[in-house]
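Protein chains: 2
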Amino acid sequence: MKRKGILIVVSGFSGAGKGTLMKQLVHTYEDYALSISMTTREPRPGETEGKEYFFVSREEFEKTIREDGLIEYASYCDNYYGTPRAYVERQLEKGRDVILEIEIQGALKVKEKFPTALLVFVMPPDAAELKRRLEGRGTESPEVISKRLARASEEAEGIEKYDFIVINDRLEECVERMHVLIQAAHDTPLRNKELIDDIRKELKTLC
Amino acid sequence: MKRKGILIVVSGFSGAGKGTLMKQLVHTYEDYALSISMTTREPRPGETEGKEYFFVSREEFEKTIREDGLIEYASYCDNYYGTPRAYVERQLEKGRDVILEIEIQGALKVKEKFPTALLVFVMPPDAAELKRRLEGRGTESPEVISKRLARASEEAEGIEKYDFIVINDRLEECVERMHVLIQAAHDTPLRNKELIDDIRKELKTLC
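Chains as they are written, first to last, in my numbering: chain A, 1 to 207; chain B, 1 to 207.
Rather than coming from a laboratory, the hints here were simulated on the basis of the structure. Here the structure is a predicted model, which is why all the values come from computation and not from measurement. Don't take every hint at face value.
Identical chains blur together in the list; that is why a pair holds if it fits in one copy or across any two.
Unchecked claim - With a cut-off of at most 30 angstroms between alpha-carbon atoms, the simulated DSSO-like pairs for lysine-lysine come out as follows:
hint	residue 1	residue 2
1	Lys147	Lys63
2	Lys201	Lys113
3	Lys201	Lys94
4	Lys204	Lys51
5	Lys109	Lys204
6	Lys111	Lys193
Next comes chain A alone, as it looks inside the complex:
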């Protein structure tokens, strides 16, 4: 059967290693495409248009909102960030699974618009490891680390909204695990309505 792509929303604590995991996943398997966000913030040195982000003006962004061209969007530090709908839908139609990284509020909005979206929550093996990773970056002050941990504690309250959790311990294993989860997700009744309808109709004509 020709199968449609699934929209995969990945969330998780800051420091859980989502970014690396997703890059490795897309690199390892051909089945997946990373969604690219649209933003009104200025490109940082080294960032390329259409790679890290689509960089647009405030006017363009608001026009896209009005045209329902975004799956979800949020504003953060006076800048807009959003997920362009067209790219995602094109990939899904082609049968590719599209991965987007987003925090819990956005994840739930996506799930409303795309009931077949798969929600995956990435977390470190334990909280102490999360703290170590945040400290290990060496770029954050103790206050910032403390804030991140508090934020993680809040986010942890929403884990039950997700379909799967992934423990990010060893990267390779975790990539493999993620692949297994996504493959399994293709086999739920919700994501195979046509197939089920077909066999129902066929059974009725046979008996």
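Given the structure of chain A, go ahead and fit chain B onto it with the hints provided.
Structure of chain B alone, referenced to chain A:
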């Protein structure tokens, strides 16, 4: 992390090849144990106590019911059939996933008692193939085949109650697929309550 076993309930149309699939799955992977049913019917030639079934008297069966020793039971053609609780719970504690084959009513009863049970529906690639398989057995009259197809049509109405569907086309692929689904099922929040609680508590103490 030491993980608990999952109870896996497999249903599907008569002729979908559930039996062969499950035997092959248990044969291929060490993770799984097949549940053995208890019945009051007489052993058929070649059937061994404790292998195909546990054969017991009507009195013993009813005693087991009264002692809540069965996960589910039903009566069919004047005989009782049921799933003994002790064996299943022992295997789950050991971390093995236990597979039991049961029709939809029983499957839903199991899900009530074991909310973490995984429900899998096995089906042929299409209804015509199902008919071919039923005819291919060469043992059934057209009337019986017609009844089986009518029964399949009824059962098909309940597919949405299942967590996953598995298309039984090529056996090896299907066994592999089944394994993927069960592995994925281990990673839902519902089946990792302890782990999630632990990280929540830990995060609270850290921030």
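Consistency of the hints with the structure:
When the C-alpha separation of lysine 147 and lysine 63 is checked against a cutoff of 30 angstroms, the pair qualifies neither within a copy, at 34 angstroms, nor between copies, at 59 angstroms. For the identical chains of this complex, lysine 201 and lysine 113 are intra-copy neighbours only, at 28 angstroms inside a copy versus 33 angstroms across copies, given an alpha-carbon limit of 30 angstroms. Taking the closest pair of Cα atoms, lysine 201 and lysine 94 come within 30 angstroms of each other only inside a single copy of the chain (26 angstroms); across copies the shortest separation is 43 angstroms, beyond that limit. With identical chains, the CA atoms of lysine 204 and lysine 51 are never at most 30 angstroms apart, being 50 angstroms at best within one copy and 37 angstroms at best between copies.
For the identical chains of this complex, lysine 109 and lysine 204 are inter-copy neighbours only, at 27 angstroms across copies versus 38 angstroms inside a copy, given an alpha-carbon limit of 30 angstroms. For the homomeric pair lysine 111 and lysine 193, the shortest alpha-carbon distances inside one copy (17 angstroms) and between copies (23 angstroms) are both at most 30 angstroms.
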